[in-house]
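Trainee: Residue strings, one per chain:
Number of protein chains: 2
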Amino acid sequence: MAIVVQKYGGSSVADAEKIRNVAGRIIRAKEAGNQVVAVVSAMGKTTDHLIEMAHEVSDNPHQRELDSLLSTGEIVTSTLLSMALRTMGHRAISLTGAQAGIKTDATFNKARITDINPRRIQKELENDRTVIVAGFQGITDNLDVTTLGRGGSDTTAVGLAVALGADRCEIYTDVEGVYTADPRIAPEARKLDEIGYEEMLEMASVGAKVMHSRAVELGWVYNMPILVASSLNDNPGTMIHGGNSMEIKNKVSGIAHDPNIAKITVQGVPDRPGIASSIFEPLASAGISVDSIVQNASVKHITDLTFTVASTDEKATMEVIKPIAKEIGAKKCLSDATLGKVSVIGAGMQSGPGYAARMFKALADEDINVELISTSEIRITCIIDKEKVPQAVQALHRTFELEGD
Amino acid sequence: MAIVVQKYGGSSVADAEKIRNVAGRIIRAKEAGNQVVAVVSAMGKTTDHLIEMAHEVSDNPHQRELDSLLSTGEIVTSTLLSMALRTMGHRAISLTGAQAGIKTDATFNKARITDINPRRIQKELENDRTVIVAGFQGITDNLDVTTLGRGGSDTTAVGLAVALGADRCEIYTDVEGVYTADPRIAPEARKLDEIGYEEMLEMASVGAKVMHSRAVELGWVYNMPILVASSLNDNPGTMIHGGNSMEIKNKVSGIAHDPNIAKITVQGVPDRPGIASSIFEPLASAGISVDSIVQNASVKHITDLTFTVASTDEKATMEVIKPIAKEIGAKKCLSDATLGKVSVIGAGMQSGPGYAARMFKALADEDINVELISTSEIRITCIIDKEKVPQAVQALHRTFELEGD
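As they're listed, the protein sequences go chains F and H. Residue numbering for the first sequence follows this note's numbering, starting at 1 and increasing by one per position. Residue numbering for the second sequence follows this note's numbering, starting at 1001 and increasing by one per position.
Chain F extracted, bound-state conformation (with noise of 0.2 Å):
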């Protein structure tokens, strides 16, 4: 029999009704001859208030203590589902992260799973019960708890699915799978039937928020096949998967964007070995992301650093950054938090020429000016006016004729 993982979002399981509802999804998928693994989330806003509860106690909550907080609320969705299940005349039990075998190390608020044993969750199986794993948490050697960090659930159900050699992970959500651009703003995007990892990868990473990146990576790794389709009807979703299809190769796939993003300049550094490092390995260890990097040629020995983070880490940044920029004899830190990205991505882009050329025409013609420019072998990336994001979208999903089949 085949075994399905199936991850319910928090807004998939909100209230009573919602929950009889996934309950009777889970239902269907065993009755059509699978034996069903369920990955659930916090209810709704359940995640949100235990942190406002942690805060009304702690101006900075222990890590180590939050995680067990947190945990609590993919526990309650578990057993409610468990119970609905059974009410409803099914087999079922829920399973804790320690219970359903899920080991991390002990990086707390974003543990990384180190080991998956099945075993409980198998012996449940061949005693013909569903099982409802709370997601989002593992445990450590030292039998503390952990969480996996926001949309942790993700990667549980993919781990879950990897470790039980199931056929497919199924990621139900309050989407209908993976769209050419955000439909809120390119009203023209067209849901896409099938999509490649990196790909996946890249629309996830620059704002195109649909599952956790962590989980489609373990999913490439893995070679796990993720339909992404909405826990709401029986649409057919978007499969994620490492096939060679004609349509994830030599196309681009979509438009992804991102309207919070700061540009940092550091001016006048001095250009030698070493220099880089001294400036990233802070922020990394701050905890700030760096997106965009961009070094323009030396003159005299002498360049200007630019990069990009979310704008909500700008403060944060010019913070760790100033004190460096002077350390190291730089000039001048400016930064500008007007900015937002709109990328094209796809998988042919690096074998098929003048895909590069094509989006800069297209957001010329816009009267868009580009601030940076970055690229990958499947996406290239430009930083413009935030303001101007939203057009930018639609005419490179013009120019790129996405809304057609």
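In case anyone wonders, no lab produced these hints; they're calculated from the structure. What you are looking at is a predicted structure, and each value in this text was computed from that prediction instead of being measured. Where a beta carbon is used, it is the ideal one built from N, C-alpha and C, also for glycine. One should not assume that every hint holds.
[Claimed, not checked] Derived list of chain H stretches under chain F, where covered just means 3 residues or more per stretch with a C-beta under 8 Å from a C-beta of chain F:
id, stretch
1, 1046-1054
2, 1073-1085
3, 1091-1105
4, 1152-1161
[Said to hold, decoys possible] Here are the computed distance ranges between Cβ atoms for each label pair:
id, chain 1, residue 1, chain 2, residue 2, range
5, H, Ala1297, F, Arg91, 52 to 62 Å
6, F, Glu377, H, Asp1048, 31 to 41 Å
7, H, Ala1356, F, His49, 23 to 33 Å
8, H, Ser1376, F, Arg119, 45 to 55 Å
9, H, Val1290, F, Gly33, 43 to 53 Å
10, H, Asn1060, F, Asp128, 18 to 28 Å
11, F, Glu377, H, Glu1017, 52 to 62 Å
Given the coordinates of chain F, work out where chain H should sit on it, guided by the hints.
Mentor: Just chain H, lined up with the frame of chain F:
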């Protein structure tokens, strides 16, 4: 260094401010030179709220799932209290029942502690941390989460005190200790400085709901001194112990009462061996607690059997009893749920004469009719009209001169 185990009930940790107040109390106990382990209940009405959620998805929530669900309430409190302590500059760590090494049988909803492995707690105490344990819960050999039944946090606290070889167990609650009678009914009621385990059990089981009977029993078996006191002030509270003090022996300690009693009478029961068990075994199986049992003298091998149950169990009792009465050839089943009980409790009553006579005279003087009498070594209980319970408590309190010191 002395180990003290403290327990804080739901009303003592109902919000962030109360949690900070409890943190302050723990710090004072620590600064007085103790190693402190604190056991906490779920905040305020959390448990009731979780039960409501369960009933929204299931008419009859599965017991294993319900235990896993309810256990989250105490985990939330324990993490918040640990955060509050850390924020106040003190080393602390929260542990779930499982992490604290509390093993139970698999009787979900009312599990019994089978063993406590205190190694983790000892390690944390050696590491100079105050340990906050989520009360009311444990884990089976199969790693399933159990709960110990309502009031189980008291049992967790006394159990841990025994396992850790603590100096004493302190139960902090919203009352100031054990009183000679319910102060809402007998305004002249006086707080006891100390009371014996057995007397405390009688006080608790007949209505003076200060702490869970199982916890008192456990304390008695292992001779663990238990202090019951208010979490809101520093008044001394009541010490429950097995000591041989003058105050405990040879005296009436208090008056207990319960206004919700139903009397069941099975008339015309053939008086032959095994008849009583054929009636009371099915009641025990149905989870109905039978209190006083009286069997009249047999006339021509026919007798009447009378017993009392909580008035909330009246209907269920009659449903169980009626078919049995028919089967054994009894004449009739009657029930009366308009009753209550008052008890006079004191370790010295067995050896001192006249207590029963004084009790009956006091009730007669108030024109209160006694429906049923039952006694133990340290208790005399009368079943009376429920409307007259307050009047009876006041009269008995005066008769046995409990208001004085």
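Trainee: With reference to the structure, classify each hint as holding or not holding.
Mentor: Going down the list of hints, with the structure as the test:
no., hint, result
1, 1046-1054, "holds (count 3)"
2, 1073-1085, "holds (count 9)"
3, 1091-1105, "holds (count 5)"
4, 1152-1161, "violated (count 0)"
5, H:Ala1297 to F:Arg91: 52 to 62 Å, "55 Å, holds"
6, F:Glu377 to H:Asp1048: 31 to 41 Å, "57 Å, violated"
7, H:Ala1356 to F:His49: 23 to 33 Å, "57 Å, violated"
8, H:Ser1376 to F:Arg119: 45 to 55 Å, "51 Å, holds"
9, H:Val1290 to F:Gly33: 43 to 53 Å, "51 Å, holds"
10, H:Asn1060 to F:Asp128: 18 to 28 Å, "21 Å, holds"
11, F:Glu377 to H:Glu1017: 52 to 62 Å, "56 Å, holds"
When each numbered hint is compared with the structure, violations occur for hints 4, 6, 7.
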